[in-house]
Each structure stands twice: as structure tokens, then as C-alpha cells.
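*Asks:* Spelled out, the chains give:
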Amino acid sequence: MYVDEDKLIRDLKRGKRSAQQWLYERERLPLYRMCLRYAKDVHEAEDFLHDGMLKALQEIKKYRSEGALSGWVRRVVLNQILQELRRRPKLVSDELAPERISATNDQLDEELEEINGAELHRLICQLPTGYRTVFNLYYLEGLGHKDIAAQLQISEGSSKSQLYKARIHLRKSIIQKYPSYQYRTS
Amino acid sequence: MAEKLPNDSSWSRRLADWESGQQGPHPDPKVWGRLEESLSKRKRRTAPYWRAISGLIILLISAGIFWLQSDLSTENPAHVTSPRNPPTTNAQEPQSVLPAQEPRIVLHDQEPRSVRRRRTFERSPAPAVSSSERSPVLLPTESSPKPPGVSPDLSGPIDETRRSQSVSPIPNLTAKPLLITSALGIHGVSWKEPSPNPVGGIAAENESRGSSSSVRPSSERKRFSVGFQTALHKPEVRVQLPENTRQAQSIVNPSASSWGLRFRLELGDRWGVTSGFSCGRESSEHRLVLVREYTPELETIDADGNARTTFSADFATDYSKAGTEIEVVRPVGVEIPASFFLRMGIRAFEEVKTTSIPLLVSYDQPLGKIFRLRLSGGVAWNRQRVALDIQSRLSNPRGLNLISSRIRSSEQFLDDNFWTSQLQVGLAIRPNSSLEVVLSPQFTSSLSQLGEDRNLSARFQQFSFLGEVYYRF
Numbered sequence: 001m002y003v004d005e006d007k008l009i010r011d012l013k014r015g016k017r018s019a020q021q022w023l024y025e026r027e028r029l030p031l032y033r034m035c036l037r038y039a040k041d042v043h044e045a046e047d048f049l050h051d052g053m054l055k056a057l058q059e060i061k062k063y064r065s066e067g068a069l070s071g072w073v074r075r076v077v078l079n080q081i082l083q084e085l086r087r088r089p090k091l092v093s094d095e096l097a098p099e100r101i102s103a104t105n106d107q108l109d110e111e112l113e114e115i116n117g118a119e120l121h122r123l124i125c126q127l128p129t130g131y132r133t134v135f136n137l138y139y140l141e142g143l144g145h146k147d148i149a150a151q152l153q154i155s156e157g158s159s160k161s162q163l164y165k166a167r168i169h170l171r172k173s174i175i176q177k178y179p180s181y182q183y184r185t186s
Numbered sequence: 001m002a003e004k005l006p007n008d009s010s011w012s013r014r015l016a017d018w019e020s021g022q023q024g025p026h027p028d029p030k031v032w033g034r035l036e037e038s039l040s041k042r043k044r045r046t047a048p049y050w051r052a053i054s055g056l057i058i059l060l061i062s063a064g065i066f067w068l069q070s071d072l073s074t075e076n077p078a079h080v081t082s083p084r085n086p087p088t089t090n091a092q093e094p095q096s097v098l099p100a101q102e103p104r105i106v107l108h109d110q111e112p113r114s115v116r117r118r119r120t121f122e123r124s125p126a127p128a129v130s131s132s133e134r135s136p137v138l139l140p141t142e143s144s145p146k147p148p149g150v151s152p153d154l155s156g157p158i159d160e161t162r163r164s165q166s167v168s169p170i171p172n173l174t175a176k177p178l179l180i181t182s183a184l185g186i187h188g189v190s191w192k193e194p195s196p197n198p199v200g201g202i203a204a205e206n207e208s209r210g211s212s213s214s215v216r217p218s219s220e221r222k223r224f225s226v227g228f229q230t231a232l233h234k235p236e237v238r239v240q241l242p243e244n245t246r247q248a249q250s251i252v253n254p255s256a257s258s259w260g261l262r263f264r265l266e267l268g269d270r271w272g273v274t275s276g277f278s279c280g281r282e283s284s285e286h287r288l289v290l291v292r293e294y295t296p297e298l299e300t301i302d303a304d305g306n307a308r309t310t311f312s313a314d315f316a317t318d319y320s321k322a323g324t325e326i327e328v329v330r331p332v333g334v335e336i337p338a339s340f341f342l343r344m345g346i347r348a349f350e351e352v353k354t355t356s357i358p359l360l361v362s363y364d365q366p367l368g369k370i371f372r373l374r375l376s377g378g379v380a381w382n383r384q385r386v387a388l389d390i391q392s393r394l395s396n397p398r399g400l401n402l403i404s405s406r407i408r409s410s411e412q413f414l415d416d417n418f419w420t421s422q423l424q425v426g427l428a429i430r431p432n433s434s435l436e437v438v439l440s441p442q443f444t445s446s447l448s449q450l451g452e453d454r455n456l457s458a459r460f461q462q463f464s465f466l467g468e469v470y471y472r473f
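Taken in order, these protein sequences are the chains called U and V. Per the numbering used here, the very first residue in the first sequence carries number 1; after that it's consecutive. Per the numbering used here, the very first residue in the second sequence carries number 1; after that it's consecutive.
A hint or two may mislead.
Stated by the list, open to error - One side only, chain U facing chain V, incomplete, derived with CB under 10 Å: (1) Met1; (2) Lys40; (3) Ala45; (4) Glu46; (5) Leu112.
Said to hold, decoys possible - Restraint-style ranges between C-beta atoms, simulated for each label pair: (6) U:Gln21 <-> V:Ser20: 16 to 22 Å; (7) V:Arg270 <-> U:His43: 28 to 34 Å; (8) V:Ile58 <-> U:Arg10: 27 to 33 Å; (9) V:Ser10 <-> U:His43: 55 to 61 Å; (10) U:Lys61 <-> V:Ser10: 23 to 29 Å; (11) V:Arg459 <-> U:Lys13: 50 to 56 Å; (12) V:Gly467 <-> U:Arg26: 51 to 57 Å; (13) V:Arg459 <-> U:Arg10: 54 to 60 Å; (14) U:Met1 <-> V:Gly377: 51 to 57 Å; (15) V:Gly368 <-> U:Arg26: 41 to 47 Å; (16) U:Lys62 <-> V:Val379: 38 to 44 Å.
What the hints assert, rightly or not - Derived DSSO-like pairs (lysine-lysine); straight-line CA-CA distance at most 30 Å: (17) U:Lys177 <-> V:Lys41; (18) U:Lys172 <-> U:Lys40; (19) U:Lys16 <-> V:Lys41; (20) U:Lys55 <-> V:Lys369; (21) U:Lys16 <-> U:Lys61; (22) V:Lys369 <-> U:Lys13; (23) U:Lys7 <-> U:Lys61; (24) U:Lys7 <-> U:Lys62; (25) U:Lys55 <-> U:Lys40; (26) U:Lys40 <-> V:Lys30; (27) V:Lys41 <-> V:Lys353; (28) V:Lys41 <-> U:Lys146; (29) U:Lys146 <-> V:Lys369; (30) V:Lys369 <-> U:Lys177; (31) V:Lys353 <-> U:Lys40; (32) V:Lys353 <-> U:Lys61; (33) V:Lys30 <-> V:Lys41; (34) V:Lys369 <-> U:Lys172; (35) U:Lys61 <-> U:Lys13; (36) U:Lys16 <-> V:Lys30; (37) V:Lys41 <-> U:Lys40; (38) U:Lys13 <-> V:Lys353; (39) V:Lys353 <-> U:Lys55; (40) U:Lys146 <-> V:Lys30.
Calculated directly from the structure, the hints in this document are not laboratory data. What you are looking at is a predicted structure, and each value in this text was computed from that prediction instead of being measured. Quick reminder that beta carbons are idealized off the backbone N, C-alpha and C, glycines included.
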């Protein structure tokens, strides 16, 4: 067990197996659930987790201790996921007219106000892959459309379009499960 | 990069809390087993690989250093010296035997500038003995000591093994000078592409998990490189002495420098094409002193009944060849002392200008994130122009100049265009995405023989160590 984070980092950089296992055990749950939000099923999520953690442990010498180790590992895993997603031939394609996107009010905060974390996670995971990826990057990773476009190698318009559709899809799912929301948001 | 403000809504915090909690889906315990296996596999594969590469590099560098510092001679090491390693035998002889005064025969008044700059002849008074003496008593002097095997009074017998020799082979001296080559390139075209490597795109390593920040787009792929190149070439001298000839000294003083432009286009991550041009100038000074002893067995009797003996010595480099031939005629009734010997000195300056345009294809094998093993091969078009200044002198045992000559040539003495093949095995180091340092040995060989019309028939071959620094756009 590592109480001292610095010692953990030192041992990780030395390639000590016990430190690697300790880090994996500590980070596996949030990372796995993040992977679930990008993956199509649990098997792919486990592959994402495996590949991402492998990358992080192999590249641990690049970690310069300027921030939390957990955040750094999360970034590496996320980048590994995005790399895998980029390899897919057609992650997102169609675009919407800009005026249609801008006409949609961002009422997501209100719609998701009373939904717990587990349900939120389930709703997000039910989104189609393209919608889900852009939604995750925009709302949960804090990327702008320009950066999302660069990460996924799509156009900025496609990113906006996917996010718009993700919100519509999510809203439908919420209303379907909680019909009372229809009256609140209309 | 334009960043969006982090999402700090309550639902995203709830989601983050839930994802960090113990309740919810868990990954299969086998994931760690797979991860552990992958980590072990990587270790097992890379450790010997790295050791082998490191060992190879160390071996190459050590061999290069040893090669550069080793004796230059391969066939007659006792007689060949580098400038840093002056001769130990008969060290006092060269100063007295090499052209001690301005040559008496000058074929061309205009000498090349470069040759004039490097000329450092010494002037010394000629011995007071006349060559008109019919039977001169040839005694060794301080400037012209006796050869080994001759008694102090010069009356002893000549080594029979030397007498038994007949025609002497032509001495062959080739010098491959120390050459420093530099190349500097300029590139004006660049473009950027997102790299598929996600590790290069990690922007916020120091972000804590809870905060949401942007992820930097992946690293930019470089396409063009500009390089400065320096090459070190080892001087190499080979001397084959004719029988019945003793070499007093052979010295090579080479120096060289060149500059040029060099371009490198990367074709994908591993392949690349390098081209450009370089202009170089190398100059070298060669000094060779030979001692030929009188051997009655070599005499031939002509129609007039005179005994004739021919003394000859040739001097050849990769680019030029000079010879001296002396015929001694002994009339019937005139005896030549058995201790008679002739001393021949040859001094040659060479100035070689080379223009080279290489075209190399290279393949990079990544060795981790920083190192790459680079294999390059290709051809180069070369043009070489050689200027010569050759002096030769013949003196008797008393230091008397019997004959001296000097031949100067313009740069058109040898003006050859030829192709060379180049092979380069190097270690490329990329400390960051813009800088690249390459250390590599290089072998260059001409695809055809040089100077065939001058009966040189030399093949240009050169080993060199290159250091290149590239800036990548």
C-alpha cells in the first residue's frame, strides 16, 4: 500500500510491479466507467482500460509530477480511447445547418437536474457512438468544438451537429423514462 | 488552443462522484492479468533489444575511434607516419634530402592560389662538390648520412641479398586525407498534420481528475528537415617499396573542409529522401624519400660499351601520379664505389575540389521515443578537379643535387565527373520534434575508376564518420 504518492511515482518509474498493480486498483473504477461511456460494450471498455493503462504505465517516465497522477493517467487513457475511435472509418458524418443548431436551447442542466449518477451514466451509454463521443468530450472533458474536431478528425460543423443530436436523443430518453420532464421543459 | 470553460454543472459532478464510487459496474478481474502479461511481454522483448542496439552503437563508436587513432599503414607500418606521429627512423634525413632549395626547373609560372598558400619550402646551401668529378669520393655528410649496411668508410661490401634483386617494382603511395565536410540546408515549405499518436496529445498532464480541461491536438508531423553535417575522414597511406630501395620517410599532411545544402523529405514516419549538394576542398602534402643503392648487377652494357643503370621511383595518389627516372652511365674504365647510392625525394601538393550531389533513401527503425536507427543508401554525382605541384630531386651521398624538377598543373589536371555509391548506418536522436542529431559512419565508393586516361585506374573509396544536426519543419 502506498501512502506516499511520491514513492508510488518513483516505483512506477522503476517499473515495480506492485506499484503498477496498486495504481491500477486505485484507478480502475473511474477509468473503467469512463471507458464505458466511450465504448459500445463492456468488452470494448475493458480493452480501452487495458490499452490505456498499458500506455500510461509504459509512458510513466514522461510524468513530471506537476499535477495529480490520477489526472495524468486519465488523460493518457482518454487519448488512447480517442486514438482507437479515430481508427474507425466513419465515426460521425452528417452535419446540420448552423441556424438549426443555434436555435436549440441548451436546457441540459435543467433536464438532468434530478437524475442520479448511475442513471446519468446509463443514459449517456445508450447514446449512439458518435453522439456519445462528442457529448462526452464537450460536457465531461470540457473541449470546445474546435478541439473535438481536431481530436476526432472531423469538421467543426460535424461536432456541433453530433452534440445537437446527442442532446435531442438524450432528452427523448429522459422524457421516455420520466414523462413529467416533458411538461417542465416545454 | 481555444478552450471551453470546464463543465461544472451539478449533474456532471454527480456523474463523476458515481464513477469514482464503489457501486456500479466493475471491470473483469482478468483485465489486470492481461495488463500484467502485456507489461511482462514488453519488458522481455525490449530489454535484450535495447542492450543489443546499445552494444552495437558502443562497438561502432569504439571501432571508429580505434580506427581513427590507429597507425595509418597497413602494409609497411614502420615507414609510414601520420602528421601527428613523426617518423622515428632516420629522423634527420628528410630535412636534408627533400628539396632544400628552389627548384631549378619550373614548367609553369602561374601556380594555383591554394598551392601557393601551402608551399613551405626551405632554402639551404648546396654542397660544394661538383658533379663533374669523374670518380668522386662520395662520403656521407650530416645532411646525407650513409645508408644502413654501409661501413663508416663506405668501403664495406654491399648486402648480397640486395645485389640479387633485378627490376624494382614501382612504389605506390596513396593517401586518403582527413576530410571535414559540412552541409547546411534551408527549407521553406512545411505543413501540419495531426498525429495519430495520443501520447503526444496529452496536454494537461498536471490536471487533476476532477477538473476538466482541454486535450491538446496530437503532435505535428514534421516533413522537411534542414541539416548541418560534419564528416570526419580517416587519412590512409599505403606504401609499397621497391626492392633494393630503402624508404627514409613518408609524411602525409592532409586537411579539408567543405560546405553545402542538404534537404531531407520524410515520407511517412520511417522513410525519407535526402538530397542537396556540397562543395568541398581538400588539400594534402605528401613527402617521400627513397634511397637507391648502386647495384652492378642491374647494369646493362650498351652498344658503346658503357654500363647503364636506371634508377626510378614513382609516386601515385588517388588523383595523380609522378615519376622520376635517372639513368647513370658508367664509361668503361670508370669505377663506381660499391657504397654509391642515390637519394630521391618527392614532395607533392594536391588540391582537390569536389562538388557532390547526393540522393539517398533512408529508412528509420524507431528505438523508443528518442532514438532511431537510420539506414541510408544511394548514389551521388561528383565532380572533382585536382591541382598538383610535384617536386622531385635526386642527390648523391654527399648531398649534391644531381637533378631537381618541378611540375605544376592547373586545376584541370584531373577534371572528372563520376558517380559514387554511399551507404550510411547511423543513430538518429530526436530530443524533441524539431531537432534531430544523426551520428553515423559512411562508406563511399566510386562506381567507376578514376583517371583511366592517365593510367591511374584508381577507385575512389572513403570511410567517414558523419555528424548531422537537422532542424525539422
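*Asks:* Each hint should be assessed against the structure and marked as holding or not.
*Replies:* Going down the list of hints, with the structure as the test:
1. Evaluation of the U:Met1 hint against chain V yields a violated restraint, the C-beta minimum of about 16 Å exceeding 10 Å.
2. Residue-level restraint check for U:Lys40 is violated (minimum Cβ-Cβ distance to chain V is 15 Å; threshold 10 Å).
3. The criterion of a C-beta within 10 Å of any C-beta in chain V is met by U:Ala45, whose closest approach is roughly 7 Å, and the hint holds.
4. Because the closest C-beta pair between U:Glu46 and chain V is about 5 Å apart, less than 10 Å, the hint holds.
5. Look at U:Leu112: its Cβ gets to within about 4 Å of chain V, closer than 10 Å, so that hint holds up.
6. Distance hint for U:Gln21 and V:Ser20: a CB-CB separation of about 19 Å, consistent with the stated range 16 to 22 Å.
7. Separation of V:Arg270 from U:His43 is about 33 Å and conforms to the stated range, judged on CB atoms against 28 to 34 Å.
8. Separation of V:Ile58 from U:Arg10 is about 29 Å and conforms to the stated range, judged on CB atoms against 27 to 33 Å.
9. The hinted window of 55 to 61 Å between V:Ser10 and U:His43 is violated, with their beta carbons roughly 32 Å apart.
10. In this structure the supplied range 23 to 29 Å is violated for U:Lys61 paired with V:Ser10, their Cβ-Cβ distance being about 38 Å.
11. For the pair V:Arg459 and U:Lys13, the supplied restraint of 50 to 56 Å holds, since their beta-carbon distance comes to about 53 Å.
12. Between V:Gly467 and U:Arg26, the C-beta spacing of about 47 Å breaks the proposed range 51 to 57 Å.
13. Checked against the hint of 54 to 60 Å, the pair V:Arg459 and U:Arg10 passes, with Cβ atoms roughly 58 Å apart.
14. Between U:Met1 and V:Gly377 the beta carbon distance is about 56 Å. The supplied range of 51 to 57 Å therefore holds.
15. Checked against the hint of 41 to 47 Å, the pair V:Gly368 and U:Arg26 fails, with Cβ atoms roughly 28 Å apart.
16. At about 41 Å, the CB distance of U:Lys62 to V:Val379 agrees with the hint of 38 to 44 Å.
17. Taken as a hint, the U:Lys177 and V:Lys41 pair is broken in the structure, with Cα atoms around 47 Å apart against an allowance of 30 Å.
18. Taking the CA atoms of U:Lys172 and U:Lys40, the gap is about 20 Å. The hint holds against a cut of 30 Å.
19. At most 30 Å may separate the alpha-carbon atoms for a hinted pair to count; U:Lys16 and V:Lys41 meet this at roughly 15 Å.
20. With a CA separation close to 13 Å, the supplied pair U:Lys55 and V:Lys369 stays within the 30 Å bound.
21. Straight-line distance between C-alpha atoms of U:Lys16 and U:Lys61 comes to about 13 Å, which keeps the hinted pair within the 30 Å bound.
22. A hinted pair counts as satisfied when its Cα atoms are at most 30 Å apart, and V:Lys369 with U:Lys13 qualifies at roughly 16 Å.
23. With a CA separation close to 14 Å, the supplied pair U:Lys7 and U:Lys61 stays within the 30 Å bound.
24. In summary, the hint linking U:Lys7 to U:Lys62 is supported, as the alpha carbons are separated by about 16 Å, within the 30 Å threshold.
25. Restraint check for U:Lys55 and U:Lys40: the C-alpha separation of about 21 Å stays at or below 30 Å, so the hint holds.
26. Using a Cα cut-off of 30 Å, the hinted pair U:Lys40 and V:Lys30 holds, with the two alpha carbons roughly 19 Å apart.
27. Among the hinted pairs, V:Lys41 with V:Lys353 is inconsistent with the structure: their alpha-carbon atoms are about 54 Å apart, more than 30 Å.
28. For the proposed pair V:Lys41 and U:Lys146, the alpha carbon gap of about 39 Å is over 30 Å, so the pair is violated.
29. Restraint check for U:Lys146 and V:Lys369: the C-alpha separation of about 28 Å stays at or below 30 Å, so the hint holds.
30. The straight-line distance between the Cα atoms of V:Lys369 and U:Lys177 is roughly 50 Å, outside the 30 Å bound, and the hint therefore fails.
31. At most 30 Å may separate the alpha-carbon atoms for a hinted pair to count; V:Lys353 and U:Lys40 exceed this at roughly 67 Å.
32. Between V:Lys353 and U:Lys61, the direct Cα distance comes to roughly 50 Å. Violation of the 30 Å bound is thereby established for this hinted pair.
33. A C-alpha spacing of about 16 Å is found between V:Lys30 and V:Lys41, which places the hinted pair at or below 30 Å, so the restraint holds.
34. This hinted pair does not check out: V:Lys369 and U:Lys172 have alpha carbons roughly 47 Å apart, beyond 30 Å.
35. A hinted pair counts as satisfied when its Cα atoms are at most 30 Å apart, and U:Lys61 with U:Lys13 qualifies at roughly 6 Å.
36. Under the criterion of a C-alpha separation no larger than 30 Å, the hint pairing U:Lys16 with V:Lys30 is consistent with the structure, at around 20 Å.
37. Distance check on the hinted pair: V:Lys41 and U:Lys40 sit about 28 Å apart at the alpha-carbon level, within 30 Å; holds.
38. Simply put, U:Lys13 and V:Lys353 have alpha-carbon atoms about 54 Å apart, too far for the 30 Å limit, and the pair is violated.
39. A threshold of 30 Å between alpha carbons decides the hint, and for V:Lys353 with U:Lys55 the separation of about 53 Å lies outside it, so the pair is violated.
40. Among the hinted pairs, U:Lys146 with V:Lys30 is inconsistent with the structure: their alpha-carbon atoms are about 38 Å apart, more than 30 Å.
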